[in-house]
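Starting from the known structure of chain A, fit chain B onto it as the hints suggest.
Chains A and B are the protein sequences, given in the same order.
With numbering that gives the first Met the number 0, letter number 137 in the first sequence gets 136, and the count goes up by one each step, no holes.
With numbering that gives the first Met the number 0, letter number 30 in the second sequence gets 29, and the count goes up by one each step, no holes.
Since the hints were made in silico from the structure, they are not lab data.
Watch out, some of these pointers could steer you wrong.
Given that identical chains are not distinguished, each listed pair holds provided it fits within a single copy or across any two copies.
Unchecked claim - The list that follows gives simulated cross-link-like pairs (lysine to aspartate or glutamate, DMTMM-like), each with its CA atoms no further than 20 Å apart:
#	residue 1	residue 2
1	K139	E84
2	K17	E32
3	K139	D41
4	K89	E24
Please read these numbers as outputs of a predicted model, since none were measured by experiment.
2 protein chains.
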Amino acid sequence: MQALYLEDFEPGQVFESKPRAITAEDIVRFASEFDPQPFHLDPEAAERGFFRGLSASGWHTAALAMRLLVEALPVAGGVVGAGVEALEWKAPVRPGDRLSLRCQVLEIIPSRSRPDRGIVRFLHEVLNQDGVVVMSQRPKLVVPRR
Amino acid sequence: MQALYLEDFEPGQVFESKPRAITAEDIVRFASEFDPQPFHLDPEAAERGFFRGLSASGWHTAALAMRLLVEALPVAGGVVGAGVEALEWKAPVRPGDRLSLRCQVLEIIPSRSRPDRGIVRFLHEVLNQDGVVVMSQRPKLVVPRR
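Isolated chain A, as found in the complex (with noise of 0.2 Å):
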């Protein structure tokens, strides 16, 4: 792939990822870590918990839209955010999914203080198989001129 400059990207672009397959054991072993809570743990203890079953951290969903990015948008330098709006988390990740990312151009806006970059507003949707939205966010992403 060839790496993208701010002049490449204009509103309405449309980047998506392969898919990513996410397991029992990835959910908990990240839980285990960063968000150790029944309903991402314990698979019984999950049944009876908020989720209704077991379910990924919105964390661990996070972080893999993250590196479907970097396989999905090969910017210049490398992806640098700068920040995020409005991150939802709209349906629970189970064992099993399959998950993409869609990213769609918002807007692109050239820096005042440096010339040499800008940054790009993206809409992302994390994706499961069946095509529902479980995670949404507006993240901005620091692009350099080419």
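Below, chain B alone, put in the same frame as chain A:
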């Protein structure tokens, strides 16, 4: 710690976590799985990269913030996020940093459709050992009534 219900929160309250250290090994292991880019993986390449030295993936910092939150805020039934506004990475997280979380209550919003719960809006700041805010966000948590 006693479980916290919606009635226990009021604007201006502050909850603080204990600190937790992050090592170079942690940074590289997380990045290998979720954010495989040279500035998070390879100290030498990182010296020449965007962050001028090895730094943690922003999503690693966000995941650690969740761990600190689970330890600091014993919400009844578990810590469940509905979404996040204004997530910003403000300074690099380096190997050896000790991170802590400061949670300030901004607003309590009783649910209209679900009388058994509500939303608490927070300002969360992740600070390093020098008191520098490395990340901030405004999450919304789902909190049950007593």
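Against the structure, the hints:
no.: 1; hint: K139 <-> E84; result: both (8 Å within a copy, 13 Å between copies)
no.: 2; hint: K17 <-> E32; result: between (27 Å within a copy, 16 Å between copies)
no.: 3; hint: K139 <-> D41; result: neither (35 Å within a copy, 25 Å between copies)
no.: 4; hint: K89 <-> E24; result: neither (22 Å within a copy, 33 Å between copies)
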